[in-house]
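Asker: Based on the hints, put chain A in the right spot on chain Z.
There are 2 protein chains.
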Amino acid sequence: MTAPLRLGIAGLGTVGAGVVKIVRRQAGMLQTRAGRPVAITAVTARSRDKDRGVPLGDYGWEDDPVALASRDDVDILVELMGGADGPAKAATEAALDLGKTVVTANKAMLALHGQALAERAEAQNATIRFEAAVAGGIPVMKSLTEGLAGNQITRVMGVMNGTCNYILTRMGDAGLPYDEVFAEANALGYLEADPTLDVGGIDAAHKLTLLASVAFGTTPDFTGIEIEGIERVSIDDIRHAADMGFAIKLLGVAQPTARGLEQRMSPCLVPLASPLGQLDGATNMVVLEGDAVGQIVLRGAGAGEGPTASAVMGDVMDLARGLTVPTFGQPVSSLTQPKPAQAAAPAPYYLRMTLSDKPGAMAKVATALGEAGVSIDRMRQYQHEAPEAPVLFVTHKTTRAALDDALAAFPATGVVTGDPVALRIES
Amino acid sequence: MTAPLRLGIAGLGTVGAGVVKIVRRQAGMLQTRAGRPVAITAVTARSRDKDRGVPLGDYGWEDDPVALASRDDVDILVELMGGADGPAKAATEAALDLGKTVVTANKAMLALHGQALAERAEAQNATIRFEAAVAGGIPVMKSLTEGLAGNQITRVMGVMNGTCNYILTRMGDAGLPYDEVFAEANALGYLEADPTLDVGGIDAAHKLTLLASVAFGTTPDFTGIEIEGIERVSIDDIRHAADMGFAIKLLGVAQPTARGLEQRMSPCLVPLASPLGQLDGATNMVVLEGDAVGQIVLRGAGAGEGPTASAVMGDVMDLARGLTVPTFGQPVSSLTQPKPAQAAAPAPYYLRMTLSDKPGAMAKVATALGEAGVSIDRMRQYQHEAPEAPVLFVTHKTTRAALDDALAAFPATGVVTGDPVALRIES
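Protein chains in written order, with my numbering: chain Z, 424 to 850; chain A, 424 to 850.
Hints are supplied without guarantee of correctness; some may be wrong.
[Unchecked claim] Derived coverage of chain A by chain Z (criterion: at least 3 residues anywhere in the stretch with Cβ under 8 Å from a Cβ of chain Z; other residues may be distant):
id : segment
1  : 448-454
2  : 564-571
[Claimed, not checked] Some chain Z residues near chain A, calculated using beta-carbon distances under 10 Å:
id : residue
3  : V446
4  : L453
5  : S566
6  : N574
7  : R578
8  : M667
9  : G668
10 : D714
11 : A715
12 : P730
13 : S733
14 : A743
15 : V748
16 : G752
17 : Q753
18 : S757
Hint data in this document are derived by calculation from the structure and do not stem from the laboratory.
For glycine and all other residues, C-beta sits at the position ideal for the given N, C-alpha and C.
If we strip away everything but chain Z, and leave its shape as in the complex, we get:
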């Protein structure tokens, strides 16, 4: 194989332009490593005239992504337009139907339509590669699918939305409330057009869907994820958690359990001294656990031109070298349909509430917890500003159901004012 691998690039935003730059700048290096040239033959984007800081005159132009995917001089479609449906999906389907492999960063499309697209790919002996869709520059899909292929994976976890981690870190460092840091992140251009994709946990949940599928050999099941965003995390919670040796992270966890496949994306407390607890700013981290390897932790930039283009190029170079693996790591017909676990595994919880400052208030809450079967590990009362006092509990391991029973019993105590906050503690 010494003929060039010919790419058609659909989408010339930050990542697309980054890919073009690497292919131009590193042509010699890529050819040496792959044993053949990597070339771009044609591109498409919404606007032909926009200056993207990189010359495009050498490449064919298509207005229509489907036309790009169908060109005879395009071997591989590099889909970097985004969007779960619409042109991205149409172009992907067109490429796959012609037996062309697709490299994409499109987590939404694969989380929602991954199974159907993988079937479509396999029918034509093609695959879909999506390293760039999960945790940016971190080679996590490759590590999981190939490096750890001898392991039965027991758990995957990760902080996979840099914007959320930036917001939570900044709230803690600067002592600013959520709304203010959210506005700041927005002004810096860190948020998606629809910010609930980020702060609502959707984007990170798309990524978790793909990780879980490859880790456990299951069909991608986005609807099976329990999702909670970071919108309700307060600066008080961040401070109190830190006082007790924890950081708050938007954490994705997927693990097979006796009750089915547990998949959740929610703000959790993690030990400040752990790799996840020490992860500050927009950096991503993924934790992979396997029966043979134990725990592997991968850390790196989760977004941005260079890191995401690096992941796209990793997939491209695999294809240039003739390395292919089925879309989700094994033949699509062998993926099993996951049964969603109806409840998360028991865990300790952090519980913050405000009590009216009268004698016996604490005892009433402790009784309500006890009657629901929730036992208390630690309790802390903060500055006493009558008539109300903020109180924290850390529970022993409990089910969310027992905790919800206790929360439901709080109003009847007559001493709990406002909505209590309950956050899971992940070890």
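Answerer: Just chain A now, kept in the frame of chain Z:
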């Protein structure tokens, strides 16, 4: 490809037995993922009768590793005997000459003979896979060779000898001197038969050799590494470093510079708050830096049955899936001969010495440093036990040559007693 991939396993120590266990326990999973069975057809080890906790009756037996490698029913030699020369090398050569790819954990053999063996492999269209040789279960070779294939790598760093990191961590935690912790590690079976391989930095330097070759497209050059072991690191240095916000790690660094390829393995100070500084115990960490991806940090178990067998199986599964990459990531003829940098890049240094407790002593040392062109960032004097006082300096960035000039001038000051300790600070 649905025929089984047939392995011949040479060496049934901890790792070899671990590989046999995975192949037996996970046969179905491996077959689903690879699209074909992975089978063991024959094995060899020093003693046939030893109980290794795993049944071997299903497999052919060879007393001679070369005979194992040459068997018609062996597709892949899995070399887990170790040793740079002798039977490991003979069996590897026999397999390669027959066009069989070799999977090995043998860092010494590849660091010293990698170029010749890679040439031998390529002559027969075979390769050598060695994920297990570097940083145990961490899929670092795969991340570097494949995942980051679109990057020009600018630096690789790592803590890659778990025993050394265990010793340094334990000295700090327990306040025990080097000799005592060394004896403890020895009693726990953590040390190689020749312990200088570990504490002298040789084993970690073998690993750095392989990382550097793949990172920079250079022939493996073990002799180009500046090596210093941890034998001279004292409990005082660990404490003083911690006081100033640093941890001491046996750190390998390789980077191309204008002066040539810099490769060194030595005890360094790293910020306590950095991922490397937070790495405790026998865990390994590798830091990869590329022009597009920025910094990627990988962390995991660097040794032990499960993690090392996991790495071996990652390579085996690649081969079962038909994924092959040249031994050092690109054709062996395209590797360039590195020119060793004659001196490490400038850095700040930590400098500890004992001064005789007389007026003007500090000034004399400061003058000697200044005359050598070494400027002082911070100075700290510890408990004054006349007639001697321990003193620490942190210098600004300086060359090792300038520092050596200063060290050479110290005796003439008449106030420096004993040998000063100088450790590089790596950022």
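Asker: The structure should be examined with respect to each hint, and the outcome stated for every one.
Answerer: Quick rundown of the hints versus the structure:
With 3 residues having a Cβ less than 8 Å from any Cβ of chain Z, the segment 448-454 of chain A passes the three-residue criterion, so the hint holds. Under a criterion of three residues with beta carbons nearer than 8 Å to beta carbons of chain Z, the stated coverage of the segment 564-571 of chain A is upheld, 5 such residues being counted. Hint on V446(Z) holds. Least Cβ distance to chain A is approximately 9 Å, under the 10 Å limit. Contact between L453(Z) and chain A, as hinted, is supported at the beta carbon level, the nearest pair being about 7 Å apart and thus within 10 Å.
Here the hint on S566(Z) is kept, as its CB sits about 5 Å from the closest CB of chain A, short of 10 Å. With a cut of 10 Å, the hint placing N574(Z) at the interface with chain A holds, because the nearest CB-to-CB distance is about 6 Å. Restraint check, R578(Z) versus chain A: the minimum CB separation of about 14 Å is more than 10 Å; hint violated. For M667(Z), the interface hint is violated, the least distance from its beta-carbon to any beta-carbon of chain A being 20 Å, above 10 Å.
This hint is violated: G668(Z) has a C-beta 15 Å from the nearest C-beta of chain A, more than the 10 Å allowed. With a least beta-carbon distance of about 7 Å to chain A, the hint placing D714(Z) at the interface is held under the 10 Å criterion. At about 4 Å, the closest approach between the beta carbon of A715(Z) and any beta carbon in chain A falls short of 10 Å, and the interface hint on this residue holds. Because the smallest distance between the Cβ of P730(Z) and any Cβ of chain A comes to about 5 Å, under 10 Å, the interface hint for this residue holds.
Of the supplied interface hints, the one on S733(Z) holds, with its beta-carbon coming within about 4 Å of a beta-carbon of chain A, less than 10 Å. Using the Cβ-Cβ criterion of 10 Å, the hint placing A743(Z) at the interface with chain A is satisfied: the shortest such distance is roughly 9 Å. A least Cβ separation of about 6 Å between V748(Z) and chain A falls short of the 10 Å threshold, and the interface hint therefore holds. Nearest Cβ of chain A to the Cβ of G752(Z): about 6 Å, under the 10 Å cut. The hint holds.
For Q753(Z), the interface hint holds, the least distance from its beta-carbon to any beta-carbon of chain A being 5 Å, beneath 10 Å. Here the hint on S757(Z) is kept, as its CB sits about 5 Å from the closest CB of chain A, short of 10 Å.
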